[in-house]
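**Student:** Okay, here's what each chain looks like letter by letter:
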Amino acid sequence: MKNKFYIALAVVLPVFQLVIGGTAGFFNGRINLVLVVLIILVNLADFYWVVLFATASGLLLDVYSGLPFGLLAGSLFLTALALSLLFNNLFSNFSFHSLLLFGLIAVLSYNLFFTGLVVLAYSLGFSDYLPHWDYFYKVLWQIATTELLMIGAYYFINSWSKKFKPAFIT
Amino acid sequence: MIKSSVIGLTAIFLAVFFHYIGWLRPIESLVVIAFSPVQQLAGSIYGGGAGIYDFWLKKRDLVKENRSLQAELAAAAIDASKFKALEEENALLKKEINFIDENNFKFVAAKIISGVSDPLSQSVIINRGRRDGLEKGLAVIADSGIMIGKISEVEDDFSKVVLLSDNKSRVAATIQNLDHTVGLVEGQYGLSFSMTNIPQNQEIKDGDLVVTSGLEGKIPKNLLIAKVAGVRSVESEIFKTAILKPIILLDGLSYVLAVIP
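Sequences listed follow chains E and Y, in order.
Taking our numbering, the leading residue of the first sequence gets 1, the next gets one more, and so forth.
Taking our numbering, the leading residue of the second sequence gets 1, the next gets one more, and so forth.
A couple of the hints might just be wrong.
Straight-line C-alpha distance at most 20 Å; calculated EDC-like pairs for lysine to aspartate or glutamate [as the list claims (entries may be wrong)]:
| # | chain 1 | residue 1 | chain 2 | residue 2 |
| --- | --- | --- | --- | --- |
| 1 | Y | K136 | E | D134 |
| 2 | Y | K168 | E | D134 |
| 3 | Y | K168 | E | D128 |
Looking from chain Y toward chain E, a few residues come up when the C-beta cut is under 8 Å (computed) [unchecked claim]:
| # | residue |
| --- | --- |
| 4 | A42 |
| 5 | N90 |
| 6 | L93 |
| 7 | G115 |
| 8 | S123 |
| 9 | N127 |
Stretches of chain Y that chain E covers, calculated by requiring three or more beta carbons in the stretch to come under 8 Å of a beta carbon on chain E [unchecked claim]:
| # | stretch |
| --- | --- |
| 10 | 14 to 23 |
| 11 | 26 to 39 |
| 12 | 161 to 169 |
The set of hints was computed from the structure by calculation and includes no laboratory data.
Even glycine gets a Cβ: it sits at the ideal position worked out from N, Cα and C.
Chain E extracted, bound-state conformation:
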């Protein structure tokens, strides 16, 4: 049951993200639903499922990408790895504020990996694209939308599960 749920998430979310992004729409790059779910999975699921989700949804997004294939999957995979390491070593306390900080770090690290891979692909001649100021403006939007969705997810999950309850801070 759990397996099917994670696999369905990895398939449905990228498609939904594409729908929200629209055809050259305003929300393209400003909302990253896949990243939001990845952050939640790092908090709640086993690492195996986090990697599976990041890889599968990333590869699916790559099919629809104008950038070199594998770039989005690579960025999501590296983000999953970094977030899991951070979560296991630094973010042991499941407080609301730590979740928000974790969300901020997640968006920044994802975009750092993404920018790094874009620059690498450009340097190696695989792509013509380099991030521009407009992209960094989108990152600010991404931080805001991710945090908002994280707040929603935190309260939603808290209403039926104890997994997000603060362990030390009340």
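Dock chain Y against chain E, hints included.
**Tutor:** Relative to the frame of chain E, chain Y by itself:
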């Protein structure tokens, strides 16, 4: 953790390798074709979100008054929205058919499946590919013959179209003024586009139409691109730049035509 990481990384490397040698193409085509109805359905639901919200508010009041009337209204609203969508689609297709009748080009009609997933490029994915005779570099038009972009990647069953507003988009164009000024229409980071490489001595005024120059082999001459909305000129520079205003919005396109010269 290490085992899962190695599996994930290997999966990505294998997928990238198989993609570039072409073994993944059938799966990618299958994914795009299989998900296109879902995306279109989700897109229409998402697009009509505001309407649904208004409808829900009305529905709440009607429940209090009369349950049966509410059901009737719901059915009528759905019919009306379907009718409106069909009416819009019909008008759009009529415009495209008129344009086809007036010109001798060969066209391939295509439906836009989705936008792209990355935040850097401004592209759309259409449901026609190599099997339909499309190839890289062909012009894509919408409405009554207005160019919206160029095909950048072609697969068997779908293609990616780089929109004119993409910052890597370059199209050889002519301004329909007395000088028939020639230049390059370039995307401006997804926001708009401009025409560059215009010699300083050329007379350009607001409202002049910009069309394709025909200098690119795969793009026919005189496809409408945009209108001039201003000129940016620095005396010390050899060239000036015309700021262009799109004739149609590139966001929310649904049907397009690929032009085969």
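**Student:** Close enough to count: is the Cβ of N127 of chain Y nearer than 8 Å to one in chain E?
**Tutor:** Violated, about 13 Å.
**Student:** If you draw a straight line from the CA of K168 of chain Y to the CA of D128 of chain E, is it 20 Å or shorter?
**Tutor:** With a Cα-Cα distance of about 7 Å, the restraint between K168 of chain Y and D128 of chain E holds, given a limit of 20 Å.
**Student:** Against the 20 Å threshold, does the CA-CA distance of K136 of chain Y and D134 of chain E hold or violate the hint?
**Tutor:** Distance ~27 Å between K136 of chain Y and D134 of chain E Cα, so the pair is violated.
**Student:** Check, residue by residue, whether the stretch 26 to 39 of chain Y contains three or more positions whose beta-carbon lies closer than 8 Å to a beta-carbon of chain E, and give the verdict.
**Tutor:** With 6 residues in contact (Cβ-Cβ under 8 Å with chain E), the coverage given for the stretch 26 to 39 of chain Y holds.
**Student:** State whether the coverage of the stretch 161 to 169 of chain Y by chain E holds or is violated, taking the criterion as 3 or more residues with Cβ-Cβ distances under 8 Å.
**Tutor:** Answer holds; 6 residues pass the 8 Å Cβ test.
**Student:** Holds or violated: G115 of chain Y as interface residue toward chain E, Cβ cutoff 8 Å?
**Tutor:** 4 Å, holds
**Student:** Does the interface hint hold: is S123 of chain Y within less than 8 Å of chain E, judged Cβ to Cβ?
**Tutor:** 4 Å, holds
**Student:** Hey, does the A42 of chain Y contact hint survive, CB to chain E under 8 Å?
**Tutor:** 4 Å, holds
**Student:** Given the hinted pair K168 of chain Y and D134 of chain E, is their Cα-Cα distance within 20 Å?
**Tutor:** 14 Å, holds
**Student:** Should the interface hint for L93 of chain Y be scored as holding, given a Cβ-Cβ cut-off of 8 Å against chain E?
**Tutor:** 18 Å, violated
**Student:** Does the stretch 14 to 23 of chain Y contain three or more residues whose Cβ lies closer than 8 Å to a Cβ of chain E?
**Tutor:** holds (count 4)
**Student:** For the restraint on N90 of chain Y, tell me whether the closest CB of chain E is nearer than 8 Å.
**Tutor:** At about 20 Å, which exceeds the 8 Å cut-off, the nearest Cβ of chain E leaves the hint on N90 of chain Y violated.
The structure shown violates the earlier hints numbered 1, 5, 6, 9.
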